[in-house]
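Colleague: Take the sequences, apply the hints, and build the full model.
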Amino acid sequence: MKKIFLPFLFALLLVLPFFLPRFYIYLASIILLTGLLATSLNFVIGYGGIYQFHHAVFYGLGAYATALMITKANMPYILSFLSAPFVSAIVSLIIGMICIRLTKLYFGMLQISLGSLIWAIIYRWYTFTGGDDGIHGVSMPEMISNTKGAYYFTLIIVAISMFIIWRIVNSPFGKTLQAIRDNPMRSLSIGIDINMHKLIAIVIAGTFAGIAGMLFVVVDNSVFPDMMFWTYSLEILIMCLLGGLYTFWGPFAGATSIVLFRTFVGAYTKYWSLMLGIILTLVIIFLPEGVFGFIEKLWKNRDKNNA
Amino acid sequence: MFSTELFSQLIVGLSRTTILFIVASGMSLILGVLRIPNVAHGSLYMLGAFISYTVVNFFGEGAYSFWLALIIAPIIVAFFGFLLERGFFSYLYDREHLMLLLLTFAFALIIGDLVKLIWGVEYKSLTTPEILQGSAEIYGLPLPYYNLFLLTVGPIIAIFLWLFINKTKFGKIARASAVDREMVSAVGINVSLVFAGTFVIGCFLAGLGGALIAPIVNISLGMDHSLIMEVFLIVIIGGLGNIWGTLLGSLIFGLTQSLGILIWPQFGIIFPYLAVVVVLIFRPKGLLESTW
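These protein sequence lines are chains H and S, in that order. In terms of this note's numbering, the first sequence opens at residue 1 and continues consecutively. In terms of this note's numbering, the second sequence opens at residue 1001 and continues consecutively.
Bear in mind the hints are in silico, worked out from the structure with no lab data behind them. Fair warning: this is a prediction, and the values are worked out from it, not measured in the lab. Glycine included, each C-beta is placed from N, C-alpha and C at the ideal position. Do not rely on the hints blindly, as some may be mistaken.
Claimed, not checked - Residues from chain S shown here face chain H by an in silico Cβ test under 10 angstroms; the list is partial:
id, residue
1, V1039
2, E1096
3, L1100
4, D1113
5, I1228
6, V1235
7, I1237
8, I1269
9, P1272
10, I1281
Modeller: Spelled out as structure tokens, the structure:
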């Protein structure tokens, strides 16, 4: 079942633009890149057990790196795109190295303050980053400057990234990371360099968040500082939680539902965050493993009963 | 000329410190005893400001309405906190920090929209009560009475809280439960009630902070978002549960921001974050010893 499902989904996504109006293609691109963003956070927080509270910073940095390289430095597009994961990786390495000595809540707090520092600089540096207006109308190469082109570009990059993340999760490195999450003391005593593994995980997650940010510039042609405000970080965390923190596809499903929810419910009522709050409260109380995780659990139980 | 500016920025910074301290000490109590990273704390502060606006308008802008609001608003907020604690948190204490963080974020979303629903999206503003209007002069430098009032309220609350936590039976029990819940309940104390009490006191302080700041700022939606992060960081850099640490953290935050604006107007807001980063790099567990 699972083996057919993914290629089927990918084929569906490939032909989707031929049936959908322009706005929905745009929305689909946003969903894809937000899904990648949520998956990258899940990699560090779900599989790594590291409290990366301010993940949106790397997303924003990737977006700003791309936009600034194009508008201010007039660099070739390919270099601008590559700069996004590069900048995010470097910054996540630096922030990671500072925070890594701390654990749990203290790690999260230091991470969030360093992230807020970067946010504050970008928010205030009007002459360079455009301050709270952000940067709009970033030009794109001919091929991906229309909605359809941007969609295919996003789809391909997201598919490749998801495949790489999936491989990393199931590699010896990924398994070690999960071992560290489940029992740090034991991992330490069998000779695993805990901090090195955690640091690599942080950098990997930051890199993919940067790629998601770059894709946002491609799709939306703009950047703004709200992308890296701490409330957005919590929103990404909500996506992971709704979908299921310890599942691979859960965060992607969570991102999809949040983006759709925000677009459609937000169009009808200005009180959409009230509804989101209520849904979130219910999920946390009754389904702590997330909606997707819950379905997966049901699925496994059914398999067990059948066998 | 410069010294006038310096002085007025100092007064602004110290007033901000007072507000930050009052809200942060409530957060420190909740985080220290109940281990809940309460993101909704900022929303309760916002709620306090809006309720005090309503109370003042209800009684008319007379002399007493402000003082009434200062009592009524925190009590209503504390009661709201009581409902939250009994209705939700009391069932969820054994959950992970992460879940609790997200749950409180959900509450922050809900409270934010409820405020929007009840009070609308426009700015609200209050005038300072008559007694506290005008300003004193110290060596020719103006010192507004309201700021003077704030500067006296802060230390009083700090001393009260310190006495409450260190000298009363309830404070001792609360500290003990922070260290070892099971042991405290084993000697026959209802830990759940102690938690409820602590949460209510924390919410009261958040509401009080909101009511105190109401006359000097625009009461607006989103005043919680900017505050909550600062308050979290203050609690962390001060050392969890240490009242004097929280005061120190508030001072660092209030002063680096207001004095930073003098040095480099454009980047004034990055100084507090920079200070936090420096503190946490050298003293990862906070400036002062955590007392729990």
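Colleague: Evaluate each hint against the coordinates.
Modeller: Results of checking the hints against the structure:
1. For V1039 of chain S, the interface hint holds, the least distance from its beta-carbon to any beta-carbon of chain H being 7 angstroms, beneath 10 angstroms.
2. Here the hint on E1096 of chain S is kept, as its CB sits about 9 angstroms from the closest CB of chain H, short of 10 angstroms.
3. With its C-beta approaching chain H no nearer than about 9 angstroms, L1100 of chain S sits inside the 10 angstroms limit, and its interface hint holds.
4. Nearest Cβ of chain H to the Cβ of D1113 of chain S: about 3 angstroms, under the 10 angstroms cut. The hint holds.
5. Annotation: interface hint on I1228 of chain S holds; nearest CB of chain H at approximately 9 angstroms, less than 10 angstroms.
6. The interface hint given for V1235 of chain S holds, since its Cβ lies 9 angstroms from the closest Cβ of chain H, which is under the 10 angstroms cut-off.
7. A distance limit of 10 angstroms between C-beta atoms decides the matter here; for I1237 of chain S the minimum to chain H is near 9 angstroms, and the interface restraint holds.
8. The beta carbon of I1269 of chain S is positioned within 10 angstroms of a beta carbon in chain H (closest approach about 5 angstroms), and the interface hint is therefore held.
9. Because the smallest distance between the Cβ of P1272 of chain S and any Cβ of chain H comes to about 9 angstroms, under 10 angstroms, the interface hint for this residue holds.
10. Interface restraint check: I1281 of chain S against chain H, minimum CB-CB distance 6 angstroms, threshold 10 angstroms, status holds.
Of the numbered hints given earlier, the model fails none.
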